[in-house]
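> In order, the protein sequences belong to chains A and B. The end of the first sequence is residue 790 by our numbering, with every number in the run present. The end of the second sequence is residue 199 by our numbering, with every number in the run present.
Don't take every hint at face value.
Some chain A residues close to chain B (C-beta under 8 Å, calculated; not the full set) [to be verified]: (1) G569; (2) T570; (3) A573; (4) L575; (5) L580; (6) T585; (7) Q643; (8) G645; (9) A652.
Don't read these hints as lab results, they were simulated from the structure. In this text, all values refer to a predicted model and were calculated from it rather than measured experimentally. For glycine and all other residues, C-beta sits at the position ideal for the given N, C-alpha and C.
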Amino acid sequence: MIGTARAILRKDLLIELRTKESVPAMVLFSITVYVLFHFGLDRDSLDGELASGVLWVTMLLAAVIGVTRLFAAEREQGGIDGLLLAPVDRTSLFVAKAAALFVFLTAVELVAVPAFALLLLGPSLGGAFPELLAILALGNLGVAAVGALVAALAAETRARELIVPLLLLPLLVPLLIACAKATEPLMRQDAGPEDLGRWLSVLTLYDVVFVLLSVAVFDFLLED
Amino acid sequence: MAAIELERLERRYGERVALAGVSVRVEEGQTLAVLGGNGAGKTTLLRVLAGLLRPNGGSARVLGAELPGERWKLPAQVGYLGHEPLLYRELSGRENLRYHARLHRLAPARVEQLLGAVGMEERADDPVRDLSKGLIQRLAAARAVLHEPALLLLDEPRANLDPAAVELLEPLIGRASGRTRVLVSHDVEGALAESDLTLGLRDGRPAPVGAELYR
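Next up, chain A with everything else stripped away, as it sits in the complex (with noise of 0.2 Å):
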């Protein structure tokens, strides 16, 4: 199962390094939705609740991108077909999928991360900057196995610019809690990481519980 799934990811990063095609939209989408705050709001820096759930409400818009992109070169090029006429188990299928995305998200956050500390944030995240990981590792685990989960049901429908956000949306919004709620001490002038094990542990709760789902439903999907 690793070997495949490793086949399947390499494939995929190598796509997306030749294409630019995701990473990067995700990238400008970011930074255009943070110069939109930093104007909307008419405020030079933000802090605590207001960072945080800037930072994160932007972060999850951007997944879409990335997920409804997931599928792309299968379905343009009839890849879907050339996994199931090959050997490939969904598990292996899934794991691929979710760890291509965690690398895209990954990439993503460290441009998007320092540039909305550079355009938005008021405090310093230097001295938070473990936690911060820490919470950024445990949120694109949740984003990338519900991503892969939604990219998967809607591959092959027509509609799937549609159906993509009106159902990853609404699956991260527990996620979208957990990590606005473990960030915002963190983006606080008197900076503190109180509540943090409490917010990381419904974090890790959500991983588990879509990681576990994602792997036992995906085998039903893409069927005919």
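Fit chain B to the supplied structure of chain A, relying on the hints for placement.
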């Protein structure tokens, strides 16, 4: 043992009947030519045999696997060469074949062997998007036989190929391959010449092979 046994096979797309009452038995090593006009159900039949579409009625047994329940047994045994090459345009021919080889758990040496067999060594590292349709068809043929399938499902396999390429691919996908084959072609005479059995289809139903098929 029969490689393919179909009994009153039926497949619908919603209300539309794409295949109905199709019965045929193909022994191992035989070639079945499927003939018919556009929209007759030929490609649908191939996709059902490949396990890509579920039959809605009748029975289908392919290489001992009852469809649709046992279609998970098919990928290792069936090679499919359809209208789409099933190759990623941004990857090179070699990268595409190596990717499929990994999915089938085959050694990279098999890829190099096939690149040589289809005459693609010199262009193997060009992205597929830069190749002509004929060269893409050669790669698609290599992909279809990569895992040495017992059954080949071929939908217009010689489309876009020049005579030299047709000759080159003969040992892989032609009668000389010795595999059981289901061949869809609009070249009626050519298909009849290289087949043991024929199946005519008109509007998804079996029909006598002749000029009537194309009216």
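> Confirm or reject each hint.
Cross-check of the supplied hints:
no.: 1; hint: G569; in the structure: holds, 7 Å
no.: 2; hint: T570; in the structure: holds, 6 Å
no.: 3; hint: A573; in the structure: holds, 4 Å
no.: 4; hint: L575; in the structure: violated, 11 Å
no.: 5; hint: L580; in the structure: holds, 7 Å
no.: 6; hint: T585; in the structure: holds, 6 Å
no.: 7; hint: Q643; in the structure: holds, 5 Å
no.: 8; hint: G645; in the structure: holds, 6 Å
no.: 9; hint: A652; in the structure: holds, 4 Å
The structure fails hint 4 only (numbered hints given earlier).
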